[in-house]
Amino acid sequence: MARTKAVQQTDLVLISWSRNPLVSGSARRITASRVIGSSRPCTSHLTAGTLLSAALACLLDHDIGFKIVFSKKTSSISGYLLLQRKR
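Going by UniProt numbering, the first residue of the sequence shown is number 1, and it counts up by one from there.
Since the hints were derived computationally from the structure, they do not count as laboratory data.
Any given hint could turn out to be false.
[Said to hold, decoys possible] Here are the simulated DSSO-like cross-link-like pairs (lysine-lysine), alpha carbons at most 27 Å apart as the crow flies:
hint: 1; residue 1: 86; residue 2: 73
hint: 2; residue 1: 86; residue 2: 72
hint: 3; residue 1: 5; residue 2: 67
hint: 4; residue 1: 67; residue 2: 86
hint: 5; residue 1: 5; residue 2: 73
[To be verified] Restraint-style ranges between C-beta atoms, simulated for each label pair:
hint: 6; residue 1: 9; residue 2: 74; range: 28 to 36 Å
hint: 7; residue 1: 50; residue 2: 5; range: 33 to 41 Å
hint: 8; residue 1: 76; residue 2: 43; range: 28 to 36 Å
hint: 9; residue 1: 14; residue 2: 77; range: 16 to 24 Å
hint: 10; residue 1: 2; residue 2: 74; range: 46 to 54 Å
hint: 11; residue 1: 31; residue 2: 61; range: 20 to 28 Å
hint: 12; residue 1: 76; residue 2: 50; range: 16 to 24 Å
hint: 13; residue 1: 31; residue 2: 10; range: 20 to 28 Å
hint: 14; residue 1: 60; residue 2: 26; range: 37 to 45 Å
hint: 15; residue 1: 50; residue 2: 2; range: 17 to 25 Å
hint: 16; residue 1: 73; residue 2: 4; range: 39 to 47 Å
hint: 17; residue 1: 75; residue 2: 4; range: 45 to 53 Å
hint: 18; residue 1: 25; residue 2: 65; range: 18 to 26 Å
For every residue, glycine included, the Cβ atom is placed at its ideal position computed from N, Cα and C.
Generate coordinates for the entire structure from the input sequences, incorporating the hints supplied.
See the structure below:
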C-alpha cells in the first residue's frame with residue numbers, strides 16, 4: 001500500500017490597523033485581526049487596540065516563521081497586512 005504525505009499546513013494572520021488622525025506621527029494600532037490556523041505564541045499581541053509594532057515584532061521573529069506576504073495602505077491613516085507561516 002502506498003504511503004501518502006500530509007500536506008503542510010499554512011497559518012495566515014490578517015491584521016487591519018489605523019493611526020490616530022488627530023495626533024501627528026501616532027503609532028499604528030490594530031483595529032481587527034483574523035487568524036486561520038494558529039498564531040501561537042503571538043495570539044495575545046493580536047487584540048484590537050494593541051500596537052502593531054509589538055505584534056509584528058513577535059510574528060516576524062525568526063523562530064516563529066511568519067513573513068509578510070501582502071501589505072496595503074488604504075488611506076494615510078489605515079491599512080492591512082497579511083502574514084503567512086508554513087509549518
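Hints, verified against the model:
Simply put, residue 86 and residue 73 have alpha-carbon atoms about 25 Å apart, close enough for the 27 Å limit, and the pair holds. For the proposed pair residue 86 and residue 72, the alpha carbon gap of about 22 Å is at most 27 Å, so the pair holds. For a cut-off of 27 Å, the pair hint linking residue 5 to residue 67 stands: about 25 Å separates their Cα positions. Restraint check for residue 67 and residue 86: satisfied, since their Cα atoms lie roughly 9 Å apart, inside the 27 Å limit.
At roughly 39 Å between alpha-carbon atoms, residue 5 and residue 73 are farther apart than 27 Å, so this suggested pair is violated. Against the hinted window of 28 to 36 Å, the Cβ-Cβ separation of residue 9 and residue 74 comes to about 29 Å, which satisfies the hint. Under the hint 33 to 41 Å, the C-beta atoms of residue 50 and residue 5, about 38 Å apart, fit the expected range. Take residue 76 and residue 43: their Cβ atoms lie about 30 Å apart, and the range 28 to 36 Å holds.
Our hint of 16 to 24 Å for residue 14 and residue 77 holds, since their Cβ atoms are close to 19 Å apart. Against the hinted window of 46 to 54 Å, the Cβ-Cβ separation of residue 2 and residue 74 comes to about 48 Å, which satisfies the hint. At about 23 Å, the beta-carbon gap between residue 31 and residue 61 stays in the expected band of 20 to 28 Å. At about 21 Å, the CB distance of residue 76 to residue 50 agrees with the hint of 16 to 24 Å.
One distance hint, 20 to 28 Å for the beta-carbon pair residue 31 and residue 10, holds here, with the actual separation near 24 Å. Taking 37 to 45 Å as the suggested C-beta distance range, the pair residue 60 and residue 26 does not conform, at roughly 22 Å. Range check, residue 50 to residue 2: about 48 Å between beta-carbon atoms, so the 17 to 25 Å window is missed. The beta-carbon spacing between residue 73 and residue 4, approximately 43 Å, falls within the hinted interval of 39 to 47 Å.
The hint said 45 to 53 Å for the Cβ distance between residue 75 and residue 4, and at roughly 47 Å that hint holds. Distance hint for residue 25 and residue 65: a CB-CB separation of about 31 Å, inconsistent with the stated range 18 to 26 Å.
Consistency with the previously given hints fails for numbers 5, 14, 15, 18, ordered from lowest to highest.
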